[in-house]
Structure formats: C-alpha cells, structure tokens
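There are 2 protein chains.
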Amino acid sequence: MSLILTFLGKGGTGRTTVAIAAAKKLASQGKRVLLATQDTSPAFGMLLGATLTPEPQELSPNLFGIQFQTSLLLERSWEEVKNLEAQYLRMPLLKEVYGQELGVLPGMDSALALNALREYDKSGKYDAIVYDGIGDKDTLRMLGMPEILSWYVRRFQNIFSNSDLGRTLSPFLQPIASAVLNINLTPENLPQGKEASSLLEEGKQAIANPNRVAAYLVTTGDPSSIATAKYLWGSAQQVGLTVGGVILNQAILPDTVVAEIAESLEQVYETFDRESAITNTVTAEFAPLKISSIPSREGEDWQALIDAMPDFRTTAMVPKPTEIDLTARQVKLFLPGFDKKQVKLTQNGPEVTVEAGDQRHNIELPPQLSGQSVKGAKFQNSYLILSF
Amino acid sequence: MSLILTFLGKGGTGRTTVAIAAAKKLASQGKRVLLATQDTSPAFGMLLGATLTPEPQELSPNLFGIQFQTSLLLERSWEEVKNLEAQYLRMPLLKEVYGQELGVLPGMDSALALNALREYDKSGKYDAIVYDGIGDKDTLRMLGMPEILSWYVRRFQNIFSNSDLGRTLSPFLQPIASAVLNINLTPENLPQGKEASSLLEEGKQAIANPNRVAAYLVTTGDPSSIATAKYLWGSAQQVGLTVGGVILNQAILPDTVVAEIAESLEQVYETFDRESAITNTVTAEFAPLKISSIPSREGEDWQALIDAMPDFRTTAMVPKPTEIDLTARQVKLFLPGFDKKQVKLTQNGPEVTVEAGDQRHNIELPPQLSGQSVKGAKFQNSYLILSF
Chain A
1 MSLILTFLGK GGTGRTTVAI AAAKKLASQG KRVLLATQDT SPAFGMLLGA
51 TLTPEPQELS PNLFGIQFQT SLLLERSWEE VKNLEAQYLR MPLLKEVYGQ
101 ELGVLPGMDS ALALNALREY DKSGKYDAIV YDGIGDKDTL RMLGMPEILS
151 WYVRRFQNIF SNSDLGRTLS PFLQPIASAV LNINLTPENL PQGKEASSLL
201 EEGKQAIANP NRVAAYLVTT GDPSSIATAK YLWGSAQQVG LTVGGVILNQ
251 AILPDTVVAE IAESLEQVYE TFDRESAITN TVTAEFAPLK ISSIPSREGE
301 DWQALIDAMP DFRTTAMVPK PTEIDLTARQ VKLFLPGFDK KQVKLTQNGP
351 EVTVEAGDQR HNIELPPQLS GQSVKGAKFQ NSYLILSF
Chain B
1 MSLILTFLGK GGTGRTTVAI AAAKKLASQG KRVLLATQDT SPAFGMLLGA
51 TLTPEPQELS PNLFGIQFQT SLLLERSWEE VKNLEAQYLR MPLLKEVYGQ
101 ELGVLPGMDS ALALNALREY DKSGKYDAIV YDGIGDKDTL RMLGMPEILS
151 WYVRRFQNIF SNSDLGRTLS PFLQPIASAV LNINLTPENL PQGKEASSLL
201 EEGKQAIANP NRVAAYLVTT GDPSSIATAK YLWGSAQQVG LTVGGVILNQ
251 AILPDTVVAE IAESLEQVYE TFDRESAITN TVTAEFAPLK ISSIPSREGE
301 DWQALIDAMP DFRTTAMVPK PTEIDLTARQ VKLFLPGFDK KQVKLTQNGP
351 EVTVEAGDQR HNIELPPQLS GQSVKGAKFQ NSYLILSF
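Top line first, the protein sequences correspond to chains A and B.
All residue numbers for the first sequence refer to the UniProt record's numbering, where the first residue is 1 and numbers rise by one.
All residue numbers for the second sequence refer to the UniProt record's numbering, where the first residue is 1 and numbers rise by one.
What the hints contain is simulated information worked out from the structure, not anything from laboratory work.
Model, not experiment: these values are computed from the prediction.
Careful, some of the hints might be misleading.
[Stated by the list, open to error] Below, a list of computed lysine-lysine pairs in the DSS-like style, where the Cα atoms sit at most 27 angstroms apart:
no.	chain 1	residue 1	chain 2	residue 2
1	B	K290	B	K375
2	B	K344	A	K95
3	B	K122	B	K320
4	A	K344	B	K375
5	A	K344	B	K341
6	A	K82	B	K344
[As the list claims (entries may be wrong)] Chain A is faced by these chain B residues, among others (derived, beta-carbon under 7 angstroms):
no.	residue
7	G12
8	T40
9	I66
10	T70
11	G107
12	R141
13	W151
14	S163
15	D164
16	T322
17	L326
18	Q342
19	V343
20	Q347
21	T353
22	D358
[Unchecked claim] Part of the chain A face toward chain B, derived, beta carbon under 10 angstroms:
no.	residue
23	Y98
24	V104
25	G135
26	R141
27	A287
28	E355
29	A377
Beta carbons are placed, not taken as given, at the ideal position from N, Cα and C, and that holds for glycine.
Whole structure, please, built from the sequences with the hints as guidance.
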C-alpha cells in the first residue's frame, strides 16, 4: 500500500512543479516513489527534464516516472473485458473489436487513471505515488467515483429489484442467462458484480483515509488563486478527501496584482512587505491548515523547493470530512470555503443529499439514523451540522 | 445558429481572460453573445467582475453570461430521461429516482456541457457562444464526443446484429419489448435511437465546420506554454476541430524564463528585444496560423485587450483537419506539432485508425475507399498522407 498524494489549485500556480518537488523529496527520504502524470503534452517532460513513458521507468534512485496514456490504458482494460466475456459468455461478441480501435470518450481519462493508480498501489512496489492530475474539480470527480458509483449501484439495484419491471423481467432473464451465458443468474453466480462492488468499497475507504490518500492545495498570493484553492478545499470534503495543507508559491507576481493585494489589505504599495502580507492572508484564509511557503524555482536547481515542501509522512491532523456522533444523533460535515447559501440539503431519496460546489454527496447513514428525517440543520464554523 | 468559439492552451496562460475579451469584442460589434464557463469556482466571477448564474443573464448590452452547473444540467436531463421512459415503458422504473439525488461522475461535465451548448446554439438567441472550458485535452474530448460516440454506435450495432448473440437474443427481446414497452422492437419503432444518431451526425458536422465551431490557441512566450499549445493544435485536428489562430499573451514573464528564451535563441539577455523575439518564435512555430499579440490587462480596463483580439468573424483560411482526394485515392490528415514517430496508424477494424496525442480517430472513409487497405503512408509538411 502506498501513500497517494495529489495537488489541487488554479491552473498556472505551479501544481506540476510542486508535484515533482514532492516526489523528489520523498525519494530523497528513501521512499520508493512513483510520479504519475495525466499530462501527455511535452510540458511535463520539459519541466522534469526527462521524457516519461507509459510504463514506469526509474528517473533517479527511488524515483520512478510514468505518463498515463488513456488510449493505452483503454486497450488493456478492453483485453480484460474480453477475457471476462470469454469466461462467462458462450458466444463471445467483443472478440472482434480491437482495443487499438477504441476512441477515448470524456470520463475515460479519469476512470482509467483511477484504476491504474489502484493497480500501482496494490503492486506493493511503491511507498508513495504522486499523482499530477488536472488538479481541479476534475481530480475530485475522479476521486469521488468510488463513492458516487456505489451510490448509483445501491440505488438502482434497490429500485430494480422492487419494481414491476424487475419482477416482469425475471422470467425472461433466466432463459437468456442460461442460453447465452454459461451460468444461472443468481446473485452467488455473479462474481464480477460482487468484485466490482468490493472494489468500490475499497476505493471509498482508501480515499477517506488520510494515511492512504491526501491532497494539498497549491496557490500563489493572487486573490483568484486563493479563492480557487479555497473552493477546492471545500469541494474535496464532498468526496471524502482530506486536504493535508497548503503550499504557497511565492512566485513573482505582476506589479498590478501586488498593488491589488496591498490595496485590499489597506496598505501602501511602496512600504508593503509582500511576502509576509501574503503569508498572513493565506494563513488566515486556510486555518487550521499548515502553510508551506515555497520559493520560485531557479533554473535546474530543485533543492530549495524540495527543502520547502511539507512533511507528507506525518498524518494530517486536520478536520475529517464527515464525523458521526451517535449519542448526540448528529452528523457533522466539514465544508470550509462555503457559506450557508452555497450548501443545499435535500432528502428526496432514501439518503440525505448535500449539494455544494457543483457536487452531490449522498450520505450513507449508520443503521441507527438511516431512513430518518433530518430534524435540524445549521452551519457553524465551516461545519454543516445535521440533527436526527 | 451561433459561432461557437473556444480557447485552448496551458493553464495560467490567460485563456479565461481571452475568452472574456473575445466575448466583449463580439458584443461591441453588435453580436448577441453568450459567454459560458465551466468554472464553478469564484475565480471566473472575480475576473469578470460579475457573478454568473446557471441561467443566462445579461451582463452588458448584447453580452449574456452563464455558468454551467453540472449538477443542475444533470437534474434537467434526468427529467427528460424520465419523460421518455414514461412514454415508452408501461411500468416506469425511474420515476422514483430524483434528479436532486444524482451525483456527478467523470465525463458528465463534458457531456452535459456539450448538450447545453447545442441547445443554446439551437435556441437562435445568440450569434456567438464563447465557451470557457477546461481548455486543454478535456475540451477536445468533449468536442470529439459526437465523432467517437457515433463510431461506437456504428461498430457495436454492426457486431451485435451480425453475431450469434444478436441472433440468439432476438426471440427473447421481442416478448420483453411487447411485455414491458408498449412497442414492437423494430428499427422504425425506435425514434430515440434514430434521434440520437442524427444528433451525433449534426454534432459532427457542426464541429467540422469552422464557421460553426472554432478554437484559438492561447500561449505566453514561455517555451512550455508554446509546446503545450502546439500539442493541442495537432490534437484538435484529431477531433476535426479547426484552429483559427494563435493569441500570444505578452504577459510579463519571470526574468529566469526570459533568460532561458534569450539563451535558446542564442541572444544576449541584456540587449534582447523580448517582445519581438517571442513574436518571431511563435510565428515560426505556428505557421501558417495568424498570431495576435495581446498586452497584459491593466486593472479593470479591457479595451486594449479587446482591440488586440483577432477578427473572429472571418472564416479561418487555415488547413482543414481532413482532406480526401478521390482521384488520387488519397486521404490527407493535417497533424501539426506531431512527428512521424508520434503518429500510429492501424487497420485492425473495418476503418483506418490514426492515433496521436493520446487520441484515436477512426476515419470514416467514402464508399470508394471504404474497406480497402492502406497501400502507403507518409508524413510530409505536417500532413499524414494515406494512399489507397
């Protein structure tokens, strides 16, 4: 099992640079590190000073690099699908379609990258995996997949088996199953289904465990970078992902931006101590997270950057996305960066749905609270507190 | 019908700023413009100086703004799915699942945004739609959907109807169809299927028509931004999207980057005319595209930026992604930014597959060439030339 680290922030704040520095730091501590990027453009290689391939290759002692290539990952998954089909279907249908033909549709990049991360994690070859993804809501959609997909499975299985349609179809499904598949269609005979849902469960648990998966925010002093990072901080909670800290890129900002910051702090531009003012602002905005200030990179020298990285090994002592207090019959959701108006609570279906940051999170309640109505909801110190 | 414009480039090069300036320019010319963003973080509103909503609202004369919110678009599409189900199914199944519960999975952002763009285009209310998407390969995945999905439909329909499985299932499908649906399962009775495939066809044609959909590249003088823009230029061809020009952001670069550029051009930093050197480099890299140099934005003054925008109304006189010469029995694919080694050609399935930039493009050949083997392939002046 590896520690999986990823970085969230606005484009252009230096997320990829930070990911490389983080990987170099962990490798220098003797950890076996896999640095994985989703970027197939030449930009990543230019920054790293090495060309990555779709297979892990050692870049320096302990540091391995890989460039996820969706078309190739799709080809491999397709072979697995065909093998499964050949096991279960008497008359395989897909064997005539070749992985090399398959085009990439939206969502496949995320789904296949998540699966690749899972496999490299499981391989036991790496102590840490640093994932350089798109770095914004897209990365959260990816890490939210296990949770959201398992909700879809739960909800629709339930609907189907309780429905007239489910009952009507049963007599038809059985003969099809025995005619076409080699199996009887009973729950015990559907190992793929079982396997899939336990995969989702494992994924959910890994993402919810800050010792397994953690994100760090990356921002410059620019107000719009700060606002984006804060938005992503709150959004990460919605998928159960813990944010371990903030990396503040003290890169040189254009004079106009510095002037804006000085103005917003009611300070005079000429006598303004940019660096400490920005650090103070960011510290206040992201409390209780720890802020690590990093310098701009000078040429090929990564050492100053590496030294300024936070210690990723310590378990983050930060608020958990969800806390359940059965005695008080309360569920507390940590939603920093959002105010009450930006959070919507509904209870249409069997679960409680929280909507914030263009994400929906269906809270799977413990049996003691399941199926009950929310009696009260309040927003306090970045927590949404639901009482049952 | 609207002109749909979008901007591609590396994060942090100013794509969103350019999108806003482009929308303002078109509105000042009297066009009714919809500025649509996929960014739900506060950053877009901070830049624009206005808060956008999930419904179009007028920001200034002729200029409307909208923030695509995937959770809301999903809710609406779900209602449509439920309506369709109620029309065709005797025992609706989905009516008990509420749109407000549905979580967002990877790919939904793109699929629903593309559908929303289609609807706003069709509404006839806008002469131009400026789409501020993720701006990289993700936007290309989105715009590639009609083409790639129609390939999947074509391929799997064919496989299924010619297969043992298709023949085995037919006797079972008919009774299910009449028991559960109100219809006979004959091709004429499946209007949704027909409608869906004509939607895909319309989408493909719109994206292939530079008077309907066009992209512009955005880059700074930074070598990695240039490399990314070039990569996206080639990648855009793979989805049939025409790139109309390059917008060069002459934003202030850090001294270290300027020094690197001077070095790469073998010039002395001190006597180096940064602006013209960068313009020359970019002009050479992106020939034959037109380069529009834009200044940094000063505070709230957008005029200088607006004035520097290219004229989006003129049809781009740029190479088309695909040209077919039936007399010479040749197919020419424009693939700038890639070299021969980065392009892979296969003919496993019934069509010719071109792989480049982590994308696959199955070329639907005209009847005269369809089903025939590629006799020769060469890479010349950014064109892949296939002979049959």
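(message) Taking the earlier hints as the rules, which of them does this structure contradict?
(response) 1, 4, 5, 9, 16, 17, 18, 19, 20, 27, 29
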